[in-house]
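Undergrad: Residues per chain, in single letters:
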Amino acid sequence: MAVTIEDVKKIADLARLAFSEEEYIQFTGEMNTILGYMDKLNKLDTTGVVPMSHPAGGVNFMREDELKPSISPEEALKNAPAREDNFFSVPKVI
Amino acid sequence: MLPYRTISEKQELIRSGKLSLLANVSFYLSRIRELASINAFTEVFESDALSVAEAIEYKIKSRRHGKLAGAVIAVKDVLSIKDKTLTCSSNILKDFKAVYTATSVQKLLDEDAVIIGKTNCDEFAMGSSNENSAFGTVKNPHNTDYVPGGSSGGSAAAVAAYMCDASLGTDTGGSIRQPASFCGIYGLKPTYSRVSRYGLTAFASSFDTVGPFSRSVEDSALLLDVLSGYDEKDSTSVTRQITGVYPVLHEKKKFTVGLPKEYLTEDLNPEIREKVDEAASLLKKAGHSVIEVSLPHTQYAIAVYYILATAEASSNLARFDGVRYGYRNEESRDPAGMYVSSRTAGFGKEVKRRIMLGTYVLSSGYYDAYYRKAQQVRQKIASDFRKVFTKVDLLLTPTTPGTAFKIGEKNNNPLEMYLSDIYTTSANLAGIPAMNIPAGKAKNGLPVGIQLLADQFNEEYILQAAMNFNKL
Chain C
1 MAVTIEDVKK IADLARLAFS EEEYIQFTGE MNTILGYMDK LNKLDTTGVV
51 PMSHPAGGVN FMREDELKPS ISPEEALKNA PAREDNFFSV PKVI
Chain V
95 MLPYRTISEK QELIRSGKLS LLANVSFYLS RIRELASINA FTEVFESDAL
145 SVAEAIEYKI KSRRHGKLAG AVIAVKDVLS IKDKTLTCSS NILKDFKAVY
195 TATSVQKLLD EDAVIIGKTN CDEFAMGSSN ENSAFGTVKN PHNTDYVPGG
245 SSGGSAAAVA AYMCDASLGT DTGGSIRQPA SFCGIYGLKP TYSRVSRYGL
295 TAFASSFDTV GPFSRSVEDS ALLLDVLSGY DEKDSTSVTR QITGVYPVLH
345 EKKKFTVGLP KEYLTEDLNP EIREKVDEAA SLLKKAGHSV IEVSLPHTQY
395 AIAVYYILAT AEASSNLARF DGVRYGYRNE ESRDPAGMYV SSRTAGFGKE
445 VKRRIMLGTY VLSSGYYDAY YRKAQQVRQK IASDFRKVFT KVDLLLTPTT
495 PGTAFKIGEK NNNPLEMYLS DIYTTSANLA GIPAMNIPAG KAKNGLPVGI
545 QLLADQFNEE YILQAAMNFN KL
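So the sequences go chain by chain: C and V. Residues 1 to 94 in the working numbering are what the first sequence lists, from first letter to last. Residues 95 to 566 in the working numbering are what the second sequence lists, from first letter to last.
Warning: the hint list may mix true and false statements.
[As the list claims (entries may be wrong)] List time: in silico EDC-like cross-link candidates among lysine to aspartate or glutamate, alpha-carbon distance up to 20 Å:
(1) Lys-153/V - Asp-206/V
(2) Lys-474/V - Asp-462/V
(3) Lys-40/C - Asp-462/V
(4) Lys-481/V - Asp-45/C
(5) Lys-485/V - Asp-549/V
(6) Lys-188/V - Glu-424/V
(7) Lys-43/C - Asp-462/V
(8) Lys-153/V - Asp-204/V
(9) Lys-504/V - Glu-23/C
(10) Lys-443/V - Glu-30/C
(11) Lys-68/C - Asp-325/V
(12) Lys-378/V - Glu-345/V
(13) Lys-537/V - Glu-368/V
(14) Lys-10/C - Asp-462/V
(15) Lys-40/C - Glu-356/V
(16) Lys-40/C - Glu-30/C
(17) Lys-355/V - Asp-371/V
(18) Lys-78/C - Asp-177/V
(19) Lys-43/C - Glu-356/V
(20) Lys-327/V - Glu-64/C
(21) Lys-327/V - Asp-65/C
(22) Lys-10/C - Glu-21/C
(23) Lys-443/V - Glu-22/C
(24) Lys-176/V - Asp-204/V
(25) Lys-191/V - Glu-75/C
(26) Lys-176/V - Glu-205/V
(27) Lys-92/C - Glu-424/V
(28) Lys-355/V - Glu-386/V
(29) Lys-176/V - Glu-75/C
(30) Lys-443/V - Glu-503/V
(31) Lys-112/V - Glu-148/V
(32) Lys-40/C - Glu-510/V
(33) Lys-176/V - Asp-328/V
(34) Lys-78/C - Asp-189/V
(35) Lys-78/C - Glu-424/V
(36) Lys-485/V - Glu-356/V
(37) Lys-176/V - Glu-137/V
(38) Lys-188/V - Glu-75/C
(39) Lys-500/V - Glu-510/V
It is worth saying that the hints were derived from the structure and are not from the lab.
All chains should be built: construct the whole structure from the sequences, respecting the hints.
TA: Structure (structure tokens):
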């Protein structure tokens, strides 16, 4: 299945990225080459094979909900690009 | 270059007063300065390293010291150290200060290691050449026109060029073993979950591992033992009891070693083939048996890996949006525009390429065709290994299809770059341990590596067998 430049633009939008027209053309070519290579998987019959999401084979680990020390608001905010009091500040939403 | 070969020998020299740790740390710091053009470090902790040296030397002399006392270790800059910059070699995190310390690094500190600095790598550990760093390409110390490999290129170059005793790297698809091979040192990717990932910036969470680079098998074993074990802060970390490898390293066992025929095809560089054959005959001479085996789904590993790893990356890297930390582009007046402009300006090209691929394979309409299909083939690849490890203890393969390539050589062809990971990604898909063992040099003067793989948690076999190759 060939990837079109419109597909690439849609994917960029989903990924919250933007590119120049030239880059969109380049990405379209590259994605077709890479995904074309990946199409080799379709030659393989995988009927009934259980998908493997993880090599550790564990299930959900639950722990007691105990109160433990964590980082302070000051620590949490020290890398904030912008803050107001104990909040992260962002451009106006509405 | 140094009066010791291993960390344990170093401790003995310090204890007997024949080596000053302060002088040793100063030596490494001067190497780092002299070899600044290798570009191995993103930050050097000069005063921190010098200030702990005396106290650690005293501990060694009074025989009350940790297992890594005096070992000078560099840490790949994708691992957090509280209050130090954590860049992941990305502009998006250029000024980020870590708020806690990675468990793997904390374990080194608890055992009295000297952390000398953070090493350069491919941005967010994505790459096979270290050319994708916001802080510039790392150079191969054996020939500076060549790449050191990636993504842990700085960690590999720093150990190979004697800028530290050992280092930590991370391996998601070969990022420890491939640079270890290109730089001629040992590089061990542990079993998935054996070493805590807490404090490691996530790239592909079901593949990421933390492991050591070293100039000896002994040091790899020592570091592995320190790093291993359950961590309540990483819910995927191993819950079973891990026994130490270092104390049993010299045990002489007779192994059955498999040579997978799919790894030894005609595409393989003949000089590397020769090294694998040499290693096989050395093992036979030492009394191990070597047999041919098959891993029939090997040819699908790269496709599976680059679907699943990019999918996981696109999801993990969604957190970089300019809201809570990292670079924020101030031009946009609405939040969505801010996410787009911050990410677009902050991420480098390869990272964006992988986010795009990962978003594509997870997007509606393609999920089953790519993502689910790849997960099924991952199962088949893992099952190949499960089957083969009922017959053999170890697998012997090349680490890379060729020696280090020239800087810029593969930069414009992402697929070709991905294909250079052909012998390493399978171990990450199956979650098994694997190690690069330096095997001399090719005619071009660049190092060649061979790889040993074992079933999950059988690092012991790999390291014991690696002791046979001290003469290679």
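Undergrad: So, for every hint listed, does it hold in this structure?
TA: Against the structure, the hints come out as follows:
1. Lys-153/V - Asp-206/V: holds, 9 Å
2. Lys-474/V - Asp-462/V: Measuring from Cα to Cα gives roughly 17 Å; hence the hint holds.
3. Lys-40/C - Asp-462/V: holds, 15 Å
4. Lys-481/V - Asp-45/C: Answer holds: Lys-481/V to Asp-45/C is near 19 Å, not above 20 Å.
5. Lys-485/V - Asp-549/V: holds, 11 Å
6. Lys-188/V - Glu-424/V: Status holds; Cα separation ~16 Å.
7. Lys-43/C - Asp-462/V: holds, 15 Å
8. Lys-153/V - Asp-204/V: holds, 13 Å
9. Lys-504/V - Glu-23/C: holds, 19 Å
10. Lys-443/V - Glu-30/C: holds, 12 Å
11. Lys-68/C - Asp-325/V: Holds: Lys-68/C and Asp-325/V sit about 16 Å apart, inside 20 Å.
12. Lys-378/V - Glu-345/V: Holds, at about 17 Å.
13. Lys-537/V - Glu-368/V: holds, 12 Å
14. Lys-10/C - Asp-462/V: It holds: about 19 Å lies between the C-alpha atoms, which stays within 20 Å.
15. Lys-40/C - Glu-356/V: Holds, because 17 Å separates the two Cα atoms, which is no more than 20 Å.
16. Lys-40/C - Glu-30/C: holds, 17 Å
17. Lys-355/V - Asp-371/V: Holds, because 12 Å separates the two Cα atoms, which is no more than 20 Å.
18. Lys-78/C - Asp-177/V: OK: Lys-78/C and Asp-177/V at ~10 Å, within 20 Å.
19. Lys-43/C - Glu-356/V: Holds. Lys-43/C to Glu-356/V sits at ~18 Å (cutoff 20 Å).
20. Lys-327/V - Glu-64/C: holds, 13 Å
21. Lys-327/V - Asp-65/C: holds, 14 Å
22. Lys-10/C - Glu-21/C: Distance ~13 Å between Lys-10/C and Glu-21/C Cα, so the pair holds.
23. Lys-443/V - Glu-22/C: Given that 20 Å is the threshold and the Cα spacing comes to 14 Å, the pair holds.
24. Lys-176/V - Asp-204/V: Given pair Lys-176/V, Asp-204/V holds - Cα atoms ~14 Å apart, limit 20 Å.
25. Lys-191/V - Glu-75/C: Distance ~10 Å between Lys-191/V and Glu-75/C Cα, so the pair holds.
26. Lys-176/V - Glu-205/V: With a Cα-Cα distance of about 17 Å, the restraint between Lys-176/V and Glu-205/V holds, given a limit of 20 Å.
27. Lys-92/C - Glu-424/V: Status holds; Cα separation ~12 Å.
28. Lys-355/V - Glu-386/V: Given that 20 Å is the threshold and the Cα spacing comes to 6 Å, the pair holds.
29. Lys-176/V - Glu-75/C: Judged against 20 Å, a Cα distance of about 11 Å means the pair holds.
30. Lys-443/V - Glu-503/V: holds, 17 Å
31. Lys-112/V - Glu-148/V: holds, 15 Å
32. Lys-40/C - Glu-510/V: holds, 16 Å
33. Lys-176/V - Asp-328/V: holds, 18 Å
34. Lys-78/C - Asp-189/V: Status holds; Cα separation ~11 Å.
35. Lys-78/C - Glu-424/V: holds, 18 Å
36. Lys-485/V - Glu-356/V: Given pair Lys-485/V, Glu-356/V holds - Cα atoms ~17 Å apart, limit 20 Å.
37. Lys-176/V - Glu-137/V: OK: Lys-176/V and Glu-137/V at ~14 Å, within 20 Å.
38. Lys-188/V - Glu-75/C: holds, 18 Å
39. Lys-500/V - Glu-510/V: holds, 14 Å
Violation of the numbered hints given earlier is absent; every hint is satisfied by the structure.
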